[in-house]
Amino acid sequence: MSGPLLAVSGLTKRYRRGGKIIAAVDDVSFHIEPGETLALAGPSGSGKSTIARLMLRLIEPDAGNIEFEGSEFLSLNGAALRDRRARLQMVFQDPLAAFNPRATVARVLDDPLRIHHIASRAERPRRIAALLERVGLSPGLAGRAIHEISGGQRQRVAIARAIATKPSLVVLDEAVSALDVSVRAQILRLLLDLQREERIAYLFISHDLGVVRAIAHRVAILDAGRIAESGDARDVIDAPQSAIGKALVAAAPRLPRIEQDAS
Amino acid sequence: MTALLSIGDLSVTYRRDGAEVAALKHISLDVATGERFAIIGESGSGKSTLALAIAGLLPASSRIEGRIDWVPPSPSRGAKDRQSFLFRNSLPLGGRDIGFVFQDPSASIDPVMTVGKQIAEVAHAHLGLAWRDAYTRARDLLERVRLPVPDAAMRAYPHQLSGGQKQRVAIAAAIAASPKLLIADEATSALDTIVQAEIVALIRQLVAEDGMALLFISHDIALAAELAESIAVFRHGELVEFGSTAQVVSAPRHAYTRALLEAHLGLDVEPLLRQTGT
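Residue numbers (our numbering), protein chains in the order written: chain A, 1 to 263; chain B, 1 to 278.
Hints are computed from structural coordinates only; laboratory data are not their basis.
Keep in mind that the hints are not guaranteed to be accurate.
[As the list claims (entries may be wrong)] Using 20 Å as the maximum straight-line C-alpha spacing, the simulated EDC-like pairs for lysine to aspartate or glutamate come out as follows:
no. : chain 1 : residue 1 : chain 2 : residue 2
1   : B       : K25       : B       : D9
2   : A       : K20       : B       : D9
3   : A       : K246      : B       : D9
4   : A       : K246      : B       : E20
[Said to hold, decoys possible] FRET-style restraints, in silico, Cβ to Cβ:
no. : chain 1 : residue 1 : chain 2 : residue 2 : range
5   : A       : A98       : B       : A125      : 26 to 32 Å
6   : B       : A251      : A       : S120      : 46 to 52 Å
7   : A       : R127      : B       : E20       : 24 to 30 Å
8   : B       : S43       : A       : A122      : 34 to 40 Å
[As the list claims (entries may be wrong)] Here are some chain A residues the structure puts well away from chain B; computed CB gaps all over 12 Å:
no. : residue
9   : L58
10  : E123
11  : P125
12  : D238
13  : R254
Just so we're clear, the structure is a prediction, and the values are computed from it rather than from any experiment.
Here a beta-carbon is modelled for each residue, glycine too, at the ideal position from N, C-alpha and C.
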């Protein structure tokens, strides 16, 4: 297979609100290479999450194409779509809302293994233990309910579930935004480890440029449904050209640099 | 400096599933008149319990020990003016002396009352203004918190506003009775970075103009450092470090404070991606 892992072109989604038509996503194009992280950054309402939902086909676009692993993702249906979905996974901001809170950790990880015929019933407990270890959790956690474990542990379970089907691309929608800062750093390191070892690409959606700069190779900055600028994450954030890029950089909280006296 | 709010040896214990959980352990701190004071901590640090304790909003099942003293500034300062209270008995505060802004404005604003009325109600109840004057004050406040088209906003319902606009309304209601202290508990955490910066700038301006003290409760040490003159770091219900912002940020004494500073992903640090050599 040649060409990018994912190529999105001309993606457009309009909503009707109060008699007016609003383009939530307006002619957006981008691509992601295997093993690469592209961040989509932007303020609330810039279209980031609508793009994530279009990518997962939770909603259908008004125009545009999504080419994923060489095939037209938007025209897939039924079994073909289900098969391809194993390769494109998702992690949301709040795993408590994404999972049945009363389900056990084992149940949450068992579903993708069963649905995508990845492991036989007899083999699954071993695969679940391996997945938990892969994301830095004790296999002993398997019997615990989702609502009993900490937020950081839940997000690790969400990542384990996403990688269970051996995806080539994971969409992370504000996946570290609700975590404590110390936990956030651990989760970002885990994502980088997984990327390096399994060559997973990420579409990393975030409003936080500090996080984007820490983890992404490239960034596209969105404003009102359009890409205002894009490029190497560090170059764009260190010297933004667009008005929205400059505003986002100016608004990022900074630790005051206080010079310490040598005396 | 005069202490406006003085907390001494405060402990709060919740009962949960028959077990006792210590949410705050022997906390002592003073907030001076006009001071900008930040409390930072992660989940479970007790920072929001402290805000609720000061507000007198802790659940009845919680056990509270220690003291919270409120010292209203008056021309004739002195020991006699000091009103000591155990907050479950007498509350000198609640909206009049202390204004509160919480993380989710939708949870603290009445969804079926116009924006103008909710703000006017605070001025009517606490300042004893006639409704007509209270509405005039509400409109002035909406202008002060820089809501576009204040006259239209007066008649609007909360669901017609954006998240940032709702937080501006919550701030207007919080300061409507001219409190001496404004408590902002994760007031910008649900907002995007640009709106967060606007709200922080607004809070800074309002406390300066009105001479209010500020208790800014946040998980974000960089944000707190931009706003506050002093910082208290909480962890597992304990106050682990307290000092001026310059001291806490540039010469932290506690390992946990150092860990929080290192976990901050600033725009001027080496990206994780490069550190791991991908």
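Results for each hint:
no.: 1; hint: B:K25 to B:D9; result: holds (8 Å)
no.: 2; hint: A:K20 to B:D9; result: violated (58 Å)
no.: 3; hint: A:K246 to B:D9; result: violated (46 Å)
no.: 4; hint: A:K246 to B:E20; result: violated (49 Å)
no.: 5; hint: A:A98 to B:A125: 26 to 32 Å; result: violated (42 Å)
no.: 6; hint: B:A251 to A:S120: 46 to 52 Å; result: violated (59 Å)
no.: 7; hint: A:R127 to B:E20: 24 to 30 Å; result: violated (40 Å)
no.: 8; hint: B:S43 to A:A122: 34 to 40 Å; result: holds (39 Å)
no.: 9; hint: L58; result: holds (22 Å)
no.: 10; hint: E123; result: holds (32 Å)
no.: 11; hint: P125; result: holds (30 Å)
no.: 12; hint: D238; result: violated (8 Å)
no.: 13; hint: R254; result: violated (6 Å)
Checked against the numbered hints given earlier, this structure breaks hints 2, 3, 4, 5, 6, 7, 12, 13; the rest are met.
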